[in-house]
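S.K.: Residue numbers (our numbering), protein chains in the order written: chain F, 1 to 362; chain V, 1 to 362; chain R, 1 to 362.
Source of the hints: derived by calculation from the structure; they are not laboratory data. Some hints here could point you the wrong way.
Quick list of in silico lysine-lysine cross-link-like pairs, DSS-like style, CA-CA up to 30 Å [stated by the list, open to error]:
#1 155/F / 320/R
#2 320/F / 320/V
#3 320/V / 125/R
#4 125/R / 285/V
#5 125/V / 241/F
#6 125/V / 285/F
#7 285/F / 307/F
#8 125/V / 285/V
#9 155/F / 155/V
#10 125/F / 241/R
#11 155/R / 320/V
#12 78/R / 78/F
#13 78/V / 78/R
All figures in this text were calculated on a predicted structure; none of them were measured in a lab.
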Amino acid sequence: MRLIVFFSNQVSEGMSVVAKEMAEQSLDAQIRLMQTGDRLQHLIYTQQLTRGLLDTIFDTADKARNLNASRMGATFLKECLPNQRALLYFMQPSTRTFLSFHSAASLLGMSCVHITSPGSSSEVKGESPLDSVQTFAMYNDLLVIRHPEADFAAKCVERLMQSEVSKHIISAGSGMEQHPTQGILDVYTLQREFSRKGGVDGRRVLIVGDLARGRAARAFIYLLALYQDVQIDLASPESMKITDDLREYLERRNVTFRESDFMDDFIGEADAIYMTRIQDEYDDKFPVGDVDYDLYSLSRDRLSMMKGNCSILHPLPRRKEIPVFVDRDPRSRYWEQVENGMWARVALIAHILNCDLRIRTA
Amino acid sequence: MRLIVFFSNQVSEGMSVVAKEMAEQSLDAQIRLMQTGDRLQHLIYTQQLTRGLLDTIFDTADKARNLNASRMGATFLKECLPNQRALLYFMQPSTRTFLSFHSAASLLGMSCVHITSPGSSSEVKGESPLDSVQTFAMYNDLLVIRHPEADFAAKCVERLMQSEVSKHIISAGSGMEQHPTQGILDVYTLQREFSRKGGVDGRRVLIVGDLARGRAARAFIYLLALYQDVQIDLASPESMKITDDLREYLERRNVTFRESDFMDDFIGEADAIYMTRIQDEYDDKFPVGDVDYDLYSLSRDRLSMMKGNCSILHPLPRRKEIPVFVDRDPRSRYWEQVENGMWARVALIAHILNCDLRIRTA
Amino acid sequence: MRLIVFFSNQVSEGMSVVAKEMAEQSLDAQIRLMQTGDRLQHLIYTQQLTRGLLDTIFDTADKARNLNASRMGATFLKECLPNQRALLYFMQPSTRTFLSFHSAASLLGMSCVHITSPGSSSEVKGESPLDSVQTFAMYNDLLVIRHPEADFAAKCVERLMQSEVSKHIISAGSGMEQHPTQGILDVYTLQREFSRKGGVDGRRVLIVGDLARGRAARAFIYLLALYQDVQIDLASPESMKITDDLREYLERRNVTFRESDFMDDFIGEADAIYMTRIQDEYDDKFPVGDVDYDLYSLSRDRLSMMKGNCSILHPLPRRKEIPVFVDRDPRSRYWEQVENGMWARVALIAHILNCDLRIRTA
């Protein structure tokens, strides 16, 4: 778990006991420090999520969505967190994640402000990013952070703990590894899909594309493994296979998984297919050689090879791996997935800010 | 009506019946698809507006403005759309249109988010603009779109219809041709001006400046022609005269209009003068040669040639065509026009999102 | 008082009586024009603030903060200005000031919109900045303006007065000279610190760093001088000493002050130390030569020279003048200062928009 390495350089003399412990301990210990009882105070690592927590979040999400269908219910939701403020700090471009957090916070009655460019903030005057984040936390109850650095959001949690600032942080994507809320919404989509047919347990899921550099695929695989008897098939170019830490994780949990360069090897058996984009924005830092994109794309031929009730997911944005004509295939679910993301985030925020019980019992 | 050409390239196999019809039919047919009964679901073309619809919108605007004058009335307005969300997608710079939509949505209790630069969205990862817009529509009830491409907003409506996403789109300016809400607020300003003196019917209106490249002037002329016995005088450089389609439109509606290179030919007879800016940002794409700007500007001499009760309008931003000292001429109305724009947009949003009757009968 | 020079070029023929008077008169007269009775209509100059006004604002700030601690009180605050709209126009980068105004407006129930780049507004089409600002004022009740030009915010007030637009402006920093809300929050921090120990009167305050180019330090010194028997020590490089106008001001008010190149001369006697950043972003326009930054920084040695109950303030952002380990020194107050800024601005907005009495008597 290389994610915790950074802490060892950060210990400074006056640090509080809590933070010192955090820096010296394992990921498991960090995770314990980030929650109070069963309630998350922050969500940074996909590893913080358990099957039980997912089930609760999905319940809340379904309930919030139903409430919002009526004017009275929508007003009830808006009165959940009327005096709380959220700040979205997005240092990487985003449409879906940004807007769905914005809408989710608004649905719960929070006011929302966003900072999307360091040029508009005091960092141009030499302020350290952690000072900026502590400043954000002085004005806001929840910070949603997307950042290219793998450990930035975790460092922010550490800073708040050291400074005894009791505010909350949710990672909206960190580096190439972590995107826990994407994982939640992806599994939520499966859960809704299979809810009347026995649930996610025992399903066979095919994941296609850039499995090495895509944090969405990583989060999805991690969470799928929390279900019983799930079988995972992985189709990707040799240079984009899942990383060793994820392979060890699947083995440790006794998850059955197969790997191939060809999605056609698995497509006919899949209950759900999770397509991903080749993340060539990382080509410079993480070169992968030439790739035949067509091998990892949906075509009419491949649509005809799929089961009649197979669900097609994609974290979006898509490029050619899902042509637009697939949108009208009755098996496509990636647009529902977009909307599910908003409700999953409503539920997550409600959990962390402790108003989820109120929603579930409304 | 060259505006519909683009549809013919867009028909793809799985398209729904509604959208296929839309693509194959005339502007009139498109307009019918964009409304339910008398109620607009989208506003893309100035041609969607009728005299009856304008009258209703102006009634709503007046009523909303009056309500807002009291604390109780303002609170009533804010409770009209408390659970609806608006997204402003502005791919061209704007101050007035952007802010007035933002304020209008806030006045009705909507929460509001804006995207003003493609760099902050997923388009940098290769997402198609239409995928981005469909994503916006998954999270929001109303999209307000300003875009340099003439047919972008219409394509967005088409996409939502194909995808059966029941959300609403208002164009806040498209290419050089369409700016329907500017037209509404301009006519609303005339209507308020003349309301105690018999209304807009029968008035003589002088329009000055860049009539070829200004979408505001186009929209204004189009809507003026919906009134009885309006007489329109047009003063512009030869190279910036109204385009043939607009001339044919005026002739078809039997509107009396005159054209000249010299505003002085008409200035003494005008009940209202609509000044416009020479839109030289289009010089590269649409060159017009040298222009003597002074010929299309207000001066003290010209002010003294005008009728004592002539109203001066301008869509703003202005440059030298209206010097600042004119602001204090009692005939100037362009700052009122700014405020009228906010109320006209309140009324339009209320119409499209179906809470206007509630406001008119409050 | 060179701040008023600009007015003399601005008088144009049609100007209203009020504005003409303003342009021709002294700073004192300007200040009178900017208030109604004891109530500020705008806050542009630190010189507008009196001891009595500060005391009232601090009372309101304390009361608002207490109210917000309960759900009912927070809801009461949000119902103070539910139908008012604020626009933040920030033409210089800012984190704290921007976010704290945004949060302050939200806490009072205002809706909030921000413009942080001229590229997204109509200025790219040649609109004058004053036309843009008047446009903002047509849609919003309060404009908060940060601008690099020293006299920009004052010019905006003048324009609104000339145009008889009854909206409000608060400067959030103008040029190198004015930053009145920073001064308020800094003195508010002192006042809270000393409130149980006899108040700010009679305290000895050491101010360190860039006293020539820092508008925060200027505002702080100006307001400190409103207190009885305050003693001010100033430690700065020779090239960054306070400017003559400020020195004359202190002498005129009979404030005891001492100056030195060495903070160590004063550090042991200080009841509070106000550290500032060397503002090297002004080096080009206002060169200061080489500076030994260590002389104007806190170190462990200097911490041990300070009184046990001395408060450490800093307007932030900081660089090396306060190392991060000082955050955990029990005398540090700069993070509390950040939060105090939000409440001070809540109180100021409430004063200007006339709902402060409602808060103080809640």
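S.K.: Going through the numbered hints above, which ones does this structure break? Give me the numbers in ascending order.
M.R.: Numbers 2, 7 and 9 - these are the hints that the structure violates, sorted from lowest upward.
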